[in-house]
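*Asks:* Protein chains in written order, with numbering that gives the first Met the number 0: chain E, 0 to 229; chain C, 0 to 295.
No wet-lab data here; the hints were simulated from the structure.
C-beta atoms are modelled at their ideal positions from N, C-alpha and C, and glycine is treated no differently.
Some hints here could point you the wrong way.
What the hints assert, rightly or not - Counterexamples of contact, computed for chain C against chain E with all Cβ distances above 10 angstroms:
{"no.": "1", "residue": "Leu10"}
{"no.": "2", "residue": "His157"}
{"no.": "3", "residue": "Gly163"}
{"no.": "4", "residue": "Asp182"}
{"no.": "5", "residue": "Tyr237"}
{"no.": "6", "residue": "Val244"}
{"no.": "7", "residue": "Trp261"}
{"no.": "8", "residue": "Leu267"}
To be verified - Okay, the calculated bits of chain C under chain E, using three or more residues with CB under 8 angstroms as the criterion:
{"no.": "9", "region": "248 to 254"}
{"no.": "10", "region": "270 to 278"}
{"no.": "11", "region": "287 to 293"}
Said to hold, decoys possible - Pairwise CB distance ranges, derived in the manner of DEER restraints:
{"no.": "12", "chain 1": "C", "residue 1": "Ala279", "chain 2": "E", "residue 2": "Asp166", "range": "43 to 53 angstroms"}
{"no.": "13", "chain 1": "E", "residue 1": "Asp141", "chain 2": "C", "residue 2": "Pro101", "range": "48 to 58 angstroms"}
{"no.": "14", "chain 1": "C", "residue 1": "Leu277", "chain 2": "E", "residue 2": "Gly136", "range": "15 to 25 angstroms"}
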Amino acid sequence: MSRRLDRKKRTLLTEIEAVLADGYRTLSVVSTDPAIVVRGGFPVRIEGQIVDRFLVEIVFPRSYPRDIPLVYELSGRIPRIDDNHVSGDGTLCVLLLDERWRYWRRGKGVREFFGDCVNDYFLSRVYREQNSVYPFGERAHDVLGIREYYAEELGTDDWKVIVRCLDYLSRKRVSGWSACYCGSRRPLRKCHMPKLVELRDKIPRQTARTSLERILAAAQLYADLKKLFN
Amino acid sequence: MSDAKYLEDVLATQTFAEGDTELKALRAKRDEVEKVLRAGFPDSTPTIKYGGSHAKGTMIKESYDLDVVCYFDRDDDGAGDTLEAIFDNVRDVLAQKYAVTPKTSALRIEEGQGTERTYTHVDVVPGRFIEEDSDDVWLYQNGAEKCRLRTNTKTHVHHIHDSGVRPAIRLAKLWRECYGHFDFKTFVLELLIVDVLKTQKTKSLDTQLITFWETVRDSIDTLTVEDPANTNNNLSIYLTDRRDVLREWAKMTLVDLEDRGWQAIFALPEEKKKQQELIARLPSIRPQGTKPWSAR
Numbered sequence: 000m001s002r003r004l005d006r007k008k009r010t011l012l013t014e015i016e017a018v019l020a021d022g023y024r025t026l027s028v029v030s031t032d033p034a035i036v037v038r039g040g041f042p043v044r045i046e047g048q049i050v051d052r053f054l055v056e057i058v059f060p061r062s063y064p065r066d067i068p069l070v071y072e073l074s075g076r077i078p079r080i081d082d083n084h085v086s087g088d089g090t091l092c093v094l095l096l097d098e099r100w101r102y103w104r105r106g107k108g109v110r111e112f113f114g115d116c117v118n119d120y121f122l123s124r125v126y127r128e129q130n131s132v133y134p135f136g137e138r139a140h141d142v143l144g145i146r147e148y149y150a151e152e153l154g155t156d157d158w159k160v161i162v163r164c165l166d167y168l169s170r171k172r173v174s175g176w177s178a179c180y181c182g183s184r185r186p187l188r189k190c191h192m193p194k195l196v197e198l199r200d201k202i203p204r205q206t207a208r209t210s211l212e213r214i215l216a217a218a219q220l221y222a223d224l225k226k227l228f229n
Numbered sequence: 000m001s002d003a004k005y006l007e008d009v010l011a012t013q014t015f016a017e018g019d020t021e022l023k024a025l026r027a028k029r030d031e032v033e034k035v036l037r038a039g040f041p042d043s044t045p046t047i048k049y050g051g052s053h054a055k056g057t058m059i060k061e062s063y064d065l066d067v068v069c070y071f072d073r074d075d076d077g078a079g080d081t082l083e084a085i086f087d088n089v090r091d092v093l094a095q096k097y098a099v100t101p102k103t104s105a106l107r108i109e110e111g112q113g114t115e116r117t118y119t120h121v122d123v124v125p126g127r128f129i130e131e132d133s134d135d136v137w138l139y140q141n142g143a144e145k146c147r148l149r150t151n152t153k154t155h156v157h158h159i160h161d162s163g164v165r166p167a168i169r170l171a172k173l174w175r176e177c178y179g180h181f182d183f184k185t186f187v188l189e190l191l192i193v194d195v196l197k198t199q200k201t202k203s204l205d206t207q208l209i210t211f212w213e214t215v216r217d218s219i220d221t222l223t224v225e226d227p228a229n230t231n232n233n234l235s236i237y238l239t240d241r242r243d244v245l246r247e248w249a250k251m252t253l254v255d256l257e258d259r260g261w262q263a264i265f266a267l268p269e270e271k272k273k274q275q276e277l278i279a280r281l282p283s284i285r286p287q288g289t290k291p292w293s294a295r
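The whole structure should be built from the sequences, with the hints applied where relevant.
*Replies:* See the structure below:
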């Protein structure tokens, strides 16, 4: 098992080094144990032209590519406040994982992650510094952002529908005779099965489970607070 | 065009011409601040003069402020008995006309209210002379571990002004502002450059900068800085937290310089304008892109 992991890491390292040598020479691999860590200047490009740069550290977890790399900005140019889409631990919230399929499809590699997801994040930052808005829009914070995304997919922002859908997305198997998530009481196979299949193809179970747990935790907190103030 | 000539052209764009409206406005603001201070302390005769980059000759247009020192004589208690009282009273006098934000030793002056507040580019540094015929002063350290700092503005000004490497200092400040966009205490940066380039004064500007970045890249962990006015002031604590950041920026700069030349490090105004226009056109060039999210 460990020999297979080492080979996997070696393959990833080779891929990373090739990407750095071709377009990201100001970045370098600074550590390979336990995780591969890349550090240096990330060039921000528009149509191939470098318009700015950020000092970053990018950590490839052992679970890559199932989990996306963690990106940190090191100079302090991006203040760690919610509006800047930076987590409490300093990781940049490059995208909502549920819609990863849209920006960093399965099978795409490091080059696409750097060139699309990370570049877009910093481009948004640079544009916002000049114009006070995000050029591609932004997701709302926390569970509201999750709801925003699923509302676009499902055509409703009803929490119950979203929670039921996430529940199905996080299960290993879902019977076609289960009640449809939309609340129609019809079985899935006679209702929104095609949509569920489409989403299951795009969104990993673990990602759906994490979003579901986040929503349920927020709902519990809301109920507790309501009790407290009533 | 040689590299040194290109850098001189860059520096020229960062120099205030004598009749420059910005410079005139700055001096007018400084005179206005002096009037406010003198009116606020009618029984005192503080020494009010330029400090900082204006006096040192290291000002750059990209990011400038005018440090105005306001030093009271040792026996003058018109502004208060203690350093803290002097700091607070100077702040209160200025607050009658401006929005004042206390920094560690300086008072940042702004005008307007709320979101309309604008920086006047003037900072006032209150202090008190230690001896009658000495330029040594005590400064109050707002919120710092040691509440007072002994220093000498004249010594600082001469140390930098007469260092022989002012152009390199100005370019390094520009590099910090426009290339790296990172925070690094200006005075510590100046002292580092003076120290690293003490044997390089006759070298060309491009050679000086490369030497500075290479030294930072390779030896930042062993570099120290000393306050020329007071060797007891431990300025290295400012360096400690930022060594890694400075090293990484120096590394990045040297690679970028090798790949893309000086234009990549210091863009002339026309090139900068093109970049800004490209950024402004982003929504039409790329209508869709990754939407950032925040987990909290």
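*Asks:* Give a verdict on every hint.
*Replies:* We went through each hint and held it up to the structure:
No Cβ of chain E approaches the Cβ of C:Leu10 within 10 angstroms, the least distance being about 22 angstroms, so the stated non-interface status holds. With a least CB separation of 32 angstroms from chain E, C:His157 remains clear of the 10 angstroms interface cut-off, as annotated. Non-interface call for C:Gly163 relative to chain E: holds, since the shortest CB-CB distance, roughly 30 angstroms, exceeds 10 angstroms. Not every C-beta of chain E lies more than 10 angstroms from that of C:Asp182, the closest at about 6 angstroms, which undercuts listing it as non-interface.
Every CB of chain E lies more than 10 angstroms from the CB of C:Tyr237, the least distance being 14 angstroms, so the non-interface label holds. Listed as outside the interface, C:Val244 is inconsistent with that label: its C-beta sits roughly 6 angstroms from the nearest C-beta of chain E, within the 10 angstroms cut-off. With a closest Cβ-Cβ approach of about 14 angstroms to chain E, C:Trp261 is found to remain outside the 10 angstroms limit, as its non-interface label requires. Once the 10 angstroms rule is applied to beta carbons, C:Leu267 is consistent with being away from chain E; the minimum gap is 15 angstroms.
For the region 248 to 254 of chain C, the stated coverage by chain E holds: 4 residues have a C-beta nearer than 8 angstroms to a C-beta of that chain, and at least 3 were required. Only residues whose beta carbon comes within less than 8 angstroms of a beta carbon in chain E count, and the region 270 to 278 of chain C has 4; three or more means the coverage holds. Three residues within the 8 angstroms Cβ limit are the bar, and the region 287 to 293 of chain C against chain E gives 7, so the coverage statement holds. For C:Ala279 paired with E:Asp166, a C-beta distance near 44 angstroms keeps the hint of 43 to 53 angstroms intact.
Under the hint 48 to 58 angstroms, the C-beta atoms of E:Asp141 and C:Pro101, about 35 angstroms apart, miss the expected range. Taking 15 to 25 angstroms as the suggested C-beta distance range, the pair C:Leu277 and E:Gly136 conforms, at roughly 20 angstroms.
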